Amino acid sequence: MTSRRMRAFKRWMSSNSIDFSDALSFPITESSSVSVVSLCALSIGDLVATIPKLACLTVRNSAARKMVEAAGLEGSLALSFALMYERSLGCRSMWHGYLQLLPEREMVPVVWSPAEVDLFLMGTELHKTVKEDQAFLYEDWKEHIEPLILSDPLNLDPNHFGVEQYFSAKSLVSSRSFQVDDYHGYGMVPLADLFNHKTEAENVHFTNSLSQSDDEGDSDLTTASDEGGDPRNSEDGPKSSESDSTTLEMIVVREVEAGAEVFNTYGIMGNAALFHRYGFTEADNTFDIVNIDLTLVLKWSSSIFSNRHTRARLSLWRRLNFCGCTSQDSEYFEISFDGVPQIELPVLLFIIFLLDDASEKLNCLVDSFAEADETTNLKKLANIGNIKCCKDPDNVGASLLTKDVCNALVDLADIRENLYGPNSLADDTEKMRNCCPTKERKLYNSLVLRVCERKILRRLRVYASKYSISKKRR
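581 is the number of the first residue of the sequence shown in the working numbering; add one for each residue after it.
Among the hints, a few may not be true.
[Said to hold, decoys possible] Result set (EDC-like, lysine to aspartate or glutamate): computed pairs, CA atoms no more than 20 Å apart in a straight line: (1) LYS941 with ASP991; (2) LYS1019 with GLU862; (3) LYS1022 with ASP713.
Since the hints were made in silico from the structure, they are not lab data.
None of the values given here were measured: they were computed from a predicted structure.
Using the sequences plus the hints, can you model the full thing?
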């Protein structure tokens, strides 16, 4: 990126009534990306930018609107098509001055080659997810975009609407779009997407500035990821004259020192989500998690007990209204940053290890679990297993951490870590330290993700060992 492009973007903002404070500067970094820096101190409540909704690249505003509506495209697919169409217009696009500033694509994992996905993401939370995403995106293009290319009346240039261009547009939409309002849905918001993210330390919020005729108060803008990454344009809501009378405002919510970078926030999320959606990670992100798939737990159980035993105990666990987290066709258990497993995992392990007599007794009491709260049910499980219940009402689940359950957690941590391959945590950590974050972005962020996940698994082992030792001492 050059300063010439930035000057062109500033001229475009001026011609489209986008106002920003003279206190903001937009230096170009070593990696050719843009950051926002304050030239002077900013105070809470300062208004530093206003952006008309007509300046936002939304399906409603785009020259592609009629094509999108005729084709029945919705959500991020519709916005991605609109972005491709505006790009195909070149300097004839209303957003040319904005689009020329954007990268061709964001370096998020979904646009990597299959070989890169296997090389950099093996074992991480993203490996399977990215492979599935790539398949889904190709299916979307094949089903919805390719027929439009083949449609003679539309006369679309395949060079601007091919699968590569769709992946590129999708990467920009998923990482840069904001919800404008109910009428416009999600859109590309010039200037707003220049601010970098900082978890729980943002300096600005973008809000809707409603006209005097509107009854509602200001509302924060959300990124596509805040709403599950599936922006959709509502057919309800105000019509154009009412919606276009409003603007978007950027307001300071945390003081900024002179010379400091000004941050926005894309929401609270762990490194897997940040890397997946935006292409970067944060070291020591306290919102990091690691997932242990239910299939991995069942495979481990069947290696110790019979398949019949495993199936029966899983069925009993489900009948007691326990379940893991679900995503698409998978079920898994989350391990928090501190190495604490979600309670459903120790419960399942506890039930797997129950003696047959206790299991039969639990079978007879299934109905009594239906209406009771979680704490009561955990106490019942402990009593059935002849386990002394923890006195701390906020930590009743610890009662189920028997020696067998703790050993099982350690085994599962080991099995989960084996997915990363032969390199040790120390190897990955050393490699990360010697890696250049700007010149080797894919490798560096992949290593940050691997190291953070493996540290969580290490904390899980410590957590399990701590309870196992404390039980021995008693």
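Here is how each hint holds up against the structure:
Pair hint LYS941 plus ASP991 does not hold up; C-alpha atoms about 28 Å apart against a cutoff of 20 Å. At roughly 17 Å between alpha-carbon atoms, LYS1019 and GLU862 fall within 20 Å of each other, so this suggested pair holds. The hinted pair formed by LYS1022 and ASP713 meets the criterion: a straight-line CA distance of about 18 Å does not exceed 20 Å.
Violated hint for the displayed structure: number 1, the only one.
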